[in-house]
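As they're listed, the protein sequences go chains A and B. Quick note: the first sequence uses the numbering used here, first residue 20, plus one each step. Quick note: the second sequence uses the numbering used here, first residue 432, plus one each step.
Hints in this document: simulated from the structure, not taken from any laboratory. Keep in mind that a hint or two might mislead.
[As the list claims (entries may be wrong)] Cross-link-like lysine to any residue pairs, in silico, SDA-like; alpha carbons within 25 Å at most: (1) A:Lys147 with A:Glu128; (2) A:Lys193 with B:Ala491; (3) B:Lys647 with B:Ala491; (4) A:Lys383 with B:Lys647; (5) A:Lys167 with B:Pro488.
[As the list claims (entries may be wrong)] What follows is a list of derived Cβ distance ranges for each label pair: (6) A:Thr95 with B:Thr613: 53 to 59 Å; (7) A:Lys167 with B:Ser660: 31 to 37 Å; (8) A:Glu53 with B:Ser667: 25 to 31 Å; (9) B:Ala551 with A:Leu212: 28 to 34 Å; (10) B:Ser605 with A:Pro208: 38 to 44 Å; (11) A:Phe181 with B:Glu536: 32 to 38 Å; (12) B:Asp449 with A:Ser85: 57 to 63 Å; (13) A:Ala204 with B:Glu536: 25 to 31 Å.
Even glycine gets a Cβ: it sits at the ideal position worked out from N, Cα and C.
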Amino acid sequence: MRPVGALRPAGPFVPRPARHPATIGAPTYQTEREGPTLRIKGDLRLIDAAALWRDVHAQTGDASGSLALDLSGVGTADGSAVALLVELRNELTARGVKAEIVGANAAVETIVNLYSGHDDVTKRKKRKPEGTVAQLGRSAVEVSREAKGIFDFFGSMLLTAFALVRRPRAGHWKEVAPLCERAGADAIPIVLLINFLVGSVMAFQSANQLKMFGANIYVADLVGISLTRELAPLMTAIIVCGRSGAAFAAEIGSMKVNEEIDALRTLGLSPFGWLVVPRVIALLLVVPLLTLIADFIGITGGLVVGVTDLDLTTRGYLIETLKAVHGWDVLTGLIKSVVFSVAIALIACQQGFAASGGAEGVGKRTTSTVVTTLFALVVIDALFTALFRAFGV
Amino acid sequence: MASSTIIDVKDLTIGWGDVVLQENLTFTVARGEVFGILGGSGCGKSTLLRFLIGLEPPIAGSIDVAGRGSPTLDVGLPPFGVMFQAGALFGSLTVGENVALPLEEWTDLPADAIAAIARAKLKLVGLDGAEGKLPSELSGGMKKRAAIARALALEPELVFLDEPSAGLDPVMASGLDDLISTLSKTLGLTVVIVTHELDSIFRVADRVIMLDRESKTIIATGDPRTLKSSDEPRVSAFFNRGQKVT
């Protein structure tokens, strides 16, 4: 069952059946089929509608030629019950049965007319389900459109950045410090915790293998190099993507659907200068710093495991780490973190600007931000790793 | 000498993607008049406003605003102010900061002068003392009035108001109409109002155009009081149904 508040997939309107039987006591109507006539008597009420719907279907299942739904015996009727009879008439007509609603008193007639009971019935067009190839094609077009959107956005960002160099006043610079606090300072606890655990887990896992060769001390090499070159920048970027990227997309998306972006433009202010550039700069400043913190705390996590579980000394572990990890290892991680920060900020802002259709649209774009950014981070990481390897660094 | 026409629209086509909402729209707005854009729901009134203020480029035809040609946003200060339907106040700024923002960006005024002007604009729209509040603390009507104050901050000669009195109680709607009339008469402000509120139009508009969803074009132009007795059935139905409601 779809949880409350979850998004409804696009498609035809298919409501769930009522969860609680509504009929209280005996139904207040009777049905009787006599050849080409289905007589309905009594009062038609919503609470009897389920039984009525079953009865009239059972009595008209074999109908052919023509059928009159005779309501001359109906005293009162509510809208929902009449709507079902009109729907039955339409179903019969669609099957080729010449069906009509007759004999209703003035009050019921009014309700029948209200629910288009006397209109000509046009056969409903069945929507042809989309084939697998068509779905694949549509998805491919959507993905290429999204990718184009991100590159267009990157181009516009660069143009705005150049324009801001010429006219710095057009930027919303006072927004950078609060953004740095939100994206950087506020993220430190979670960055510390996650990277400490990553360092510890790596040390535990590698220790089991290295113990067999009496090479415990090389846990320090493994943890130090893999953290500084790969894991610390990547884990930090993932945390920033989940915290700040999603927040950026939601903020800008809300502004977009509330016409605040349009309002900015009519005040002569560039949404790029006001919203995108400060966010890119904030992440450019804080993500490398968070990565350095992650390097340090990740190595500390490995150290704690080395000292407590592998009988290594603190001094020995640190000396081995310093021997294994070179400045270039840390630098490659920082270079990646700079590119990661630009990717997170740009994708999040682009997705925010693409939001439409109210709260649901903002939610979709926020989800899309996280998914797209995670994909981009892994691809960028792989590309850089291959590039550094090709250049022997 | 400035031309007496501030907006000149010729053979304009508007719409979204492949969907054409209105076509062959030709009309002018004179300086200093209150001009209404009327029509039933979904006929493209607010969309026409987006084209007039440059948020969308014309599909066909031309728009000239204040003698500058088709309005182009993102290059300098537009020659108009805009009040969007729900206000579109910036949620992270206080009401005072919202009104002060264009002054901070486009003038060299000191901070105390900007604050004084922002307070005066808010007082003008009946929001004195609200400058420290966040938009989330305001009612719908107050947000609209604050948005009008922001639209007037840089003393534009032209303002666009999208459904200014929709959803307001009669007293507040009437007060807003009085404000629009006063601003137009005392400051010579040109006001373009998009609305389907007939009460409001009869109170403030000098001239209106009426858009029709079926024929996708303008079906009436002129003084709203004259259009009430129009021979065109759709125009007559629109204006006189409104009369019955009131």
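Structure-based check of each hint:
1. Note on A:Lys147 and A:Glu128: the hinted pairing is violated, with a Cα-Cα distance of about 36 Å set against a maximum of 25 Å.
2. Under the criterion of a C-alpha separation no larger than 25 Å, the hint pairing A:Lys193 with B:Ala491 is inconsistent with the structure, at around 41 Å.
3. Proposed proximity of B:Lys647 and B:Ala491 is supported: the alpha carbons are some 14 Å apart, at most 25 Å.
4. Proximity of A:Lys383 to B:Lys647 is assessed by CA-CA distance (about 34 Å); at most 25 Å being required, the pair is judged violated.
5. For the suggested pair A:Lys167 and B:Pro488, the alpha carbons sit about 21 Å apart, so the restraint of at most 25 Å is met.
6. The hinted range of 53 to 59 Å is satisfied by A:Thr95 and B:Thr613, whose Cβ atoms lie roughly 56 Å apart.
7. For the hinted restraint 31 to 37 Å between A:Lys167 and B:Ser660, the CB-CB distance of approximately 54 Å leaves it violated.
8. Our hint of 25 to 31 Å for A:Glu53 and B:Ser667 is violated, since their Cβ atoms are close to 51 Å apart.
9. At about 52 Å, the beta-carbon gap between B:Ala551 and A:Leu212 misses the expected band of 28 to 34 Å.
10. For B:Ser605 paired with A:Pro208, a C-beta distance near 55 Å fails the hint of 38 to 44 Å.
11. A C-beta distance of roughly 20 Å is found between A:Phe181 and B:Glu536, which places it outside the suggested range of 32 to 38 Å.
12. Between B:Asp449 and A:Ser85 the beta carbon distance is about 44 Å. The supplied range of 57 to 63 Å is therefore violated.
13. The hinted range of 25 to 31 Å is satisfied by A:Ala204 and B:Glu536, whose Cβ atoms lie roughly 28 Å apart.
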